[in-house]
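J.: Residue numbers (the working numbering), protein chains in the order written: chain A, 6 to 333; chain B, 29 to 357.
Keep in mind that the hints were calculated from the coordinates and are not lab data. Glycine is no exception: its CB is placed at the ideal position from the N, C-alpha and C atoms. Careful: at least some of the hints might be erroneous.
Cβ pair distances, simulated, as ranges [what the hints assert, rightly or not]: (1) A:His152 / B:Pro139: 27 to 37 Å; (2) A:Gln269 / B:Asp296: 17 to 27 Å; (3) A:Gly12 / B:Glu343: 33 to 43 Å.
Examples of chain A residues toward chain B, derived with CB under 7 Å [unchecked claim]: (4) Ser187; (5) Leu195; (6) Gln200; (7) Val257; (8) Asp261; (9) His265; (10) Gln269; (11) Val272; (12) Glu275; (13) Pro277; (14) Asn278; (15) Val280; (16) Asn281; (17) Gly285.
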Amino acid sequence: MSLVATGLVKHYPVRGSDSVVHALDDVSLELAPGETLGIVGESGCGKSTLAKVLVRLEEPTSGTVVLDGVDLTALSGAELRRQRRRIQMVFQDPYSSLNPRKSVGSALEEVLIVHGFGSSAAERRSRVRELLELVGLSPTFAARLPHELSGGQRQRVGIARALAVEPSVLILDEPVSALDVSVRAEVMNLLSGLQKTLGLSFIFISHDVSMVRQISDRVAVMYLGRIVELGGWKPVLDEPLHPYTEGLRASVPVPDPTVHQAIQATVRGEVPNPVNPPAGCRFHPRCPAAVDACLTVMPQLTEVHPQHEVACHVAVAEGHLPLRAITS
Amino acid sequence: MTGQDLLVVEDLRVSVMPSGRRRADGQEIVHGIDLAVHAGETIGVVGESGSGKSVTMLALLRLLDDPLALTGGRVMFQGRDLASLDENELRQLRGRDIAMVYQDPMTSLNPLMRVGDQVREVMLVHGVDRTEAQERTLELFRRVGIPDPERTSRAYPHEFSGGMRQRIVIAMALALGPALLIADEPTTALDVTIQQQILALVADLKDELGMTTIWVTHDLGVVARLVDRVIVMYGGTIVEDAPVDRLFAAPQHPYTRRLLASLPNPTDDDRPPLAQIPGRPPLPGEIVVGCPFRDRCLEARDVCFTTPPLIQRGESKAACWVPPEEWTS
Ligand SMILES: Nc1ncnc2c1ncn2[C@@H]1O[C@H](COP(=O)(O)OP(=O)(O)OP(=O)(O)O)[C@@H](O)[C@H]1O
Ligand SMILES: Nc1ncnc2c1ncn2[C@@H]1O[C@H](COP(=O)(O)OP(=O)(O)O)[C@@H](O)[C@H]1O
Ligand code: SF4
Ligand SMILES: [Mg+2]
Ligand SMILES: [Mg+2]
C-alpha cells in the first residue's frame, strides 16, 4: 500500500462552548500504488478535512497516516517536511493559492527551491519547462501571471506545482468542480494521463458523482464525518448497499430526457449539525429504511460482498440495499 | 407575436460602457438575443460561465447596473413594451408579475430582518392587507417545505441552511403569484439531494399554478429533468433554441453537439476518455467576425465568416450555416 490511514478523527472546537464539530470520525482507508480512490459526499461531510489531515495541513485529533511505510503522524519538523513532499494536494480553486503578482514560472521555481530541487537556476528553469509540458501548457506560460490564465489553465498550473516535488500520491480536492463542462473534460483526461505516465496514486474528492464514477478504481461514500460505504466503483455507484448512496445516486439528474427521472425528493430532510450528530446511525433521521437499532447502535463498516463494505444495519442483515430505500 | 407569448425579446444587446467617457461606444457582450416565451412553459438557459446568461436575464428585467448598459432591442411582457414603463411601474412589475431568484439567496434576503417579515413585506408593499399577508406567509412557508412555519418565520436568515434559505426566497418570489419566475442558477450552490427537493417543489408548483419559468443553469442534467425547451448560449448569443428532447436527440448546432458529447455517459462501464472541445470561447468584448464558434468548429467553412442568424430546422432553431446532414465530424 502506498497510503494507509487508520482511525482518523478530527474534532474542531466550537467557540465559547465545550462541544466539538465532529468533522471526521474514525475514518480508515488504504490506497494502492497507481490506484484512484474516489471520495464522494455532500457539503460538510468531512472531505476537505480528510484531505488536509492526510497531507498534515491539519493535525488529526487521533489516528495515523502511513505513507510508503513511514508514519507521518509520528514525525515533526524537518523530517516531516521531507516525507510530506511525497503526498501533495491540488485544490478546487488554485487561484486562491497562487500569488497574483508572481509569474507561473517563478511560482514553480520557488517550490523547487524550497524543496531543494535543481542545483542551478538553469536546471530549475528547464525543470519548469518540463513541468509545464507535462500538464499540456507551452513553455511561454512561464511568463504569465495568474489572472492571465483561464480556469482550466490555472488548474493545470496547480497540478504542475503539486508535481514539481515528485510526489507518489496526489490528493485532489474538488479539482474540476469550478470548471465548465468542456474544460472539465480536458482536466479529467490530463489527470488520467498523468496517473498512467507517472504511476501516481490519487485520492479524488468530489461532490460530483459523475466525475467520481469517471476516474475511480474504488469509491468511499462519506456522510457526516464517516465512511458509510466502500468498494469498487461499479458496485458502490451502480449497485449500492447503503440507503444514502442510493439516495445520492438517484438525486443526480441524468443528462438524457429519454431516461425516466421521477422528480421527487429521494433523500428527505437535511444533513444534521455535526456538532451534535445523531446517535446510532448518523443517517437515521433521513433514512427510509431505518429500524429500531439504527436509532441507538452505530453501524460499523462490514464486508457484505467481497471487497464491498457498508455501514448499515439493514443492508448487512439483508445482504443487499434495503428494499425501502429503492428509488424508482 | 402570438396571443400565447408571455414574453418576447427582440435583438437584446448589452455593452460594457467605459467609465468616464459617456458617449463612447462600449464593448458589446450580449449580441442580439431573440426569444419568445409561451405561457406555462419551463425554459432552460444553458451555457458555460461568461456566455451571458445572467446579464441577459438582468437586461430583460431592466436591472443592469453600471458599467453595463442596454444598448438595443425590445422586451415585450404581456403585450407591453418595458421601455415604455417608468421606474415605478417597473418596480410594480418586478415582484408582482415577474419574480427573480438568484444563486445566492442572501442577494434577496435582509440579514437583519426576520424571514417571515420579509415575505410579508413583499405583499404589504403591493397592497395586500396585514391579516391576509400573515396568513399567506405561513401558507407559503408550508408550501415550500419549511417545517414549523409559526416558529421558523420568526427566525433570521443566518439560522437557516442554504437549502432552506433558497426555499424562503422561492416563497418570497411566489408571494404575489407572478406570471413569470426567472431563476438564475438557484440550485448550483446546493447539495444534489437538496437540489432534488427544490426541483420537486418547482415541478409541483408548475403543475399547480401553471407558472412560466426560465431556469438558468449550466447543468444539462437539470435541463433534461426539468424543462420543456432549451436555449443554448455561447459567446453572448443564442446558438440553439430547441424542445428538450430534440436538443438531446438531434442537436442542430455543432457547439451543442460537442457539449453533449463531452459529458460522461452514466451507463457506460468502459468509461472512455471524455471528449474535449479544443480552444476557448471568445473573451467578453472580443471582436468576432462571423460565427462565434468558428475557430473551434470542425464544420467551419467560408460562409461562417458571416454571422449566422437563428435558422429554423424542424422544431429547432440554430445559429449555424451548416445543417447536420452536411456535418463531416
Ligand atoms: N477550521 C474549522 N473549525 C471548525 N469547524 C470546521 C473547520 N473546518 C471544517 N469544519 C467543519 O467540519 C465539517 C467538515 O468540513 P469539510 O470542509 O471537511 O467538509 P467538505 O466535505 O469538504 O464539504 P464541501 O463539500 O462543502 O467542501 C463541517 O461541518 C465544517 O463546518
Ligand atoms: N459588471 C460587469 N462589468 C463588466 N463585464 C461584465 C459585468 N458583468 C458581467 N460581465 C461580463 O459579461 C459576460 C457575461 O456574463 P454573465 O452573464 O454573468 O455570464 P453567465 O451568467 O453566463 O456566466 C462575461 O464575459 C462577464 O465577464
Ligand atoms: S456557422 Fe460555421 S463555424 Fe459556426 S457552428 Fe456552424 S459550421 Fe461551425
Ligand atoms: Mg471541501
Ligand atoms: Mg451567471
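J.: Confirm or reject each hint.
T.: How the hints compare with the structure:
1. A:His152 / B:Pro139: 27 to 37 Å: holds (31 Å)
2. A:Gln269 / B:Asp296: 17 to 27 Å: holds (26 Å)
3. A:Gly12 / B:Glu343: 33 to 43 Å: violated (59 Å)
4. Ser187: holds (4 Å)
5. Leu195: violated (10 Å)
6. Gln200: Hint on Gln200 (chain A): violated, closest Cβ of chain B at ~12 Å, above 7 Å.
7. Val257: holds (6 Å)
8. Asp261: With Cβ-Cβ at 6 Å, under 7 Å, it holds.
9. His265: Status violated, d = 10 Å.
10. Gln269: holds (5 Å)
11. Val272: holds (4 Å)
12. Glu275: This interface hint holds because 6 Å falls under the 7 Å limit.
13. Pro277: violated (10 Å)
14. Asn278: violated (10 Å)
15. Val280: violated (14 Å)
16. Asn281: With Cβ-Cβ at 15 Å, over 7 Å, it is violated.
17. Gly285: This interface hint is violated because 20 Å lies over the 7 Å limit.
Of the numbered hints given earlier, the model fails hints 3, 5, 6, 9, 13, 14, 15, 16, 17; all others are met.
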